[in-house]
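*Asks:* In case you want the letters, here they are:
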Amino acid sequence: MSAGRGTATRGAPGEPRAVAYLYLAPALLVWALFMAWPLIRAVWLSFYEWDGLSVGTWVGLDNYVAVFTDPELREPFGHALVLLFFFSVLPILFGLVLASITARADVRGAGFFRTVIFLPQVVAMVVVAIAWRQIYEPSGPLNDGLRALGLDGLTHAWLGEQATALAAVGLVGTWVGTGLCMVLFLAGLSKVPRELYEAAALDGAGALRQLWHVGLPALRGEIAVAITLTVVAALRTFDLVYVMTTGGPGTATRVPAYEVWRWSLNEGRVGYGVTIALVLTALILLVTVVVNQVAERGER
Amino acid sequence: MRVSAAERAVSYAVLLFAAVIALYPLVIILVTALRPDQVGAAGGLHPENFAEAWRRGNFGTYLRNSLIVSGCVVAVSTVLSCLTGYAFGCMRFRGSTVLFYLLLIGLMVPSEAIVVPLYYDLRSLGLTDTYLSLILPQVAQSLAFGTFWMRAYFRGSSREVVEAARLDGAGHFRILTSILLPMGRPAVLTMALLFFMWTWNEFLLPLVMITDESLRTAPLGLSNFQGQYTSGTALLAAAAVLVALPVVVVFLLTQRHFIRGMVEGAVK
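Protein sequence lines, in the order shown, are assigned to chains A and B. Residues in the first sequence are numbered consecutively from 1, following my numbering. Residues in the second sequence are numbered consecutively from 1, following my numbering.
Just so you know, the hints here were simulated from the structure itself, not pulled from any lab data. Ideal Cβ positions, reconstructed from N, Cα and C, are used throughout, including at glycine. Among these hints, one or two may not hold up.
Cβ-to-Cβ under 7 Å is the rule here; a few derived chain A residues that face chain B [stated by the list, open to error]:
(1) P38
(2) Y64
(3) F68
(4) A105
(5) T115
(6) V126
(7) H156
(8) A167
(9) V260
(10) G268
(11) R269
(12) V287
(13) T288
According to the in silico footprint, chain B covers these stretches of chain A (three or more CB under 8 Å from chain B) [stated by the list, open to error]:
(14) 19-32
(15) 77-91
(16) 183-194
(17) 235-248
Heads up, incomplete: computed chain B residues facing chain A, CB under 8 Å, no partners named [what the hints assert, rightly or not]:
(18) V3
(19) A5
(20) V31
(21) L34
(22) Q38
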């Protein structure tokens with residue numbers, strides 16, 4: 001790519017230039033082989049009943065019908081909805097509260113709080129899962145704490161009981177996601193002119209009304225991003241479940257991403273597993289598009 | 001903004017409470033890691049748990065594997081993203097919009113969707129249980145964000161400087177390497193940090209691709225260690241600390257860049 005030849009030197013970057021394809025070629029090659037091709041293969045595999053070893057049989061749309069009708073395959077998607085509340089709704093609410101009090105009160109050490117509260121986001125999920133397993137142990141800190149408060153009746157084998165396992169996993173998602181939301185919203189709030197708050201305060205608006213009328217409208221874009229990121233995280237939950245509960249007790253914490261792995265690589269029903277993965281992908285695309293459409297429309 | 005002393009106090013209390021909750025599980029695991037592993041052993045701190053976990057759990061190998069894979073992914077993804085970002089950000093050519101959106105699909109396709117076909121294809125090529133089976137798919141997934149991120153940087157770069165360099169006879173490659181990239185060090189660094197964090201923490205890909213124990217990455221090794229080693233929690237906690245530490249240290253050293261990177265990458 002020497003500078004001295006023909007079209008290469010004519011015109012600055014910005015002018016039409018076929019050499020761009022040279023810059024793109026290596027990336028496009030990797031993308032084609034390790035992103036596009038597997039995706040095409042996934043669609044192909046979803047029309048087959050295949051055990052991963054012998055010859056597969058074409059089953060048309062059977063796998064898709066099964067995902068939407070078979071209660072065993074549908075259940076994980078129900079669980080994913082529950083996780084949405086913990087991974088998305090709660091972190092966004094907590095993030096809003098934390099960000100707005102930090103911004104409103106001009107908190108000293110805001111950088112410190114931001115860093116600490118964000119920290120769970122960077123720790124490997126396997127580590128997070130192991131830490132929280134200890135907390136949820138029957139004789140772990142959570143139950144100890146409840147007993148110390150005299151609330152012995154509330155103690156549980158949190159991950160071992162059908163009724164509490166999914167929520168216990170979900171709460172870890174809240175713990176991980178809150179910092180991300182807080183940081184996003186802090187960045188958004190820092191762009192709101194102080195005078196707007198002062199004006200609202202002069203008009204007699206309290207902290208909550210100020211957040212509602214001044215903070216929230218300014219955060220539209222950040223909230224859209226937070227919804228997208230947290231919903232995708234909820235739908236993709238795998239490591240947490242794999243390490244904390246392996247889908248149990250019973251089927252209580254089976255989630256779509258875990259089922260993808262279980263069916264296609266453990267149970268030898270590759271077509272099933274891949275179909276779940278594709279439905280999951282479609283859901284993620286749908287959420288991304290809808291959230292961003294709504295956010296953009298609101299901006300006009 | 002001026003708020004009442006009472007509100008200020010409540011604000012600090014809430015933030016402090018949130019910080020304690022954020023730190024608590026991490027502190028628990030650190031404290032557990034320093035406790036005696038066997039019941040009835042002497043009290044006090046037991047830093048030798050780390051050495052013991054390192055040895056018994058084979059974490060020297062796992063951490064080295066993670067370092068090799070992360071290093072390669074960061075290097076390759078960073079170089080490729082700079083090239084694509086430059087092309088999309090500074091050049092006009094046929095099909096640029098279509099190609100850009102094609103690459104961007106990678107931001108939305110979860111690895112769950114491609115990991116299974118990849119596994120069966122790579123297995124038939126004899127490529128499972130290799131570093132390549134971890135590196136190449138991870139590069140493919142990093143490229144979408146990298147392209148997006150670097151395109152935004154190159155678009156915002158100074159036209160005048162580029163123009164001046166061109167008048168001095170610099171070609172497009174020269175402009176990229178001698179002018180735009182040195183100026184864009186913060187942007188490139190932030191991106192590389194994110195690539196490192198994502199690759200180091202990745203779990204599904206190694207779980208599917210790697211059966212050979214000598215090729216396990218740190219999170220995978222940790223998950224296996226948990227399955228095998230159920231008697232004492234101190235060694236498990238020590239191993240967890242070993243796995244988390246590299247990313248946490250990098251994060252704490254660079255948190256300003258890191259957080260800004262996350263936020264800007266997300267909001268753009």
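*Asks:* List in ascending order the numbers of the hints, as given earlier, that are violated by the structure.
*Replies:* Hints 2, 3, 7, 8, 10, 11, 12, 15, 19, 20, 21, 22 are the ones this structure does not satisfy, whereas the remaining hints hold.
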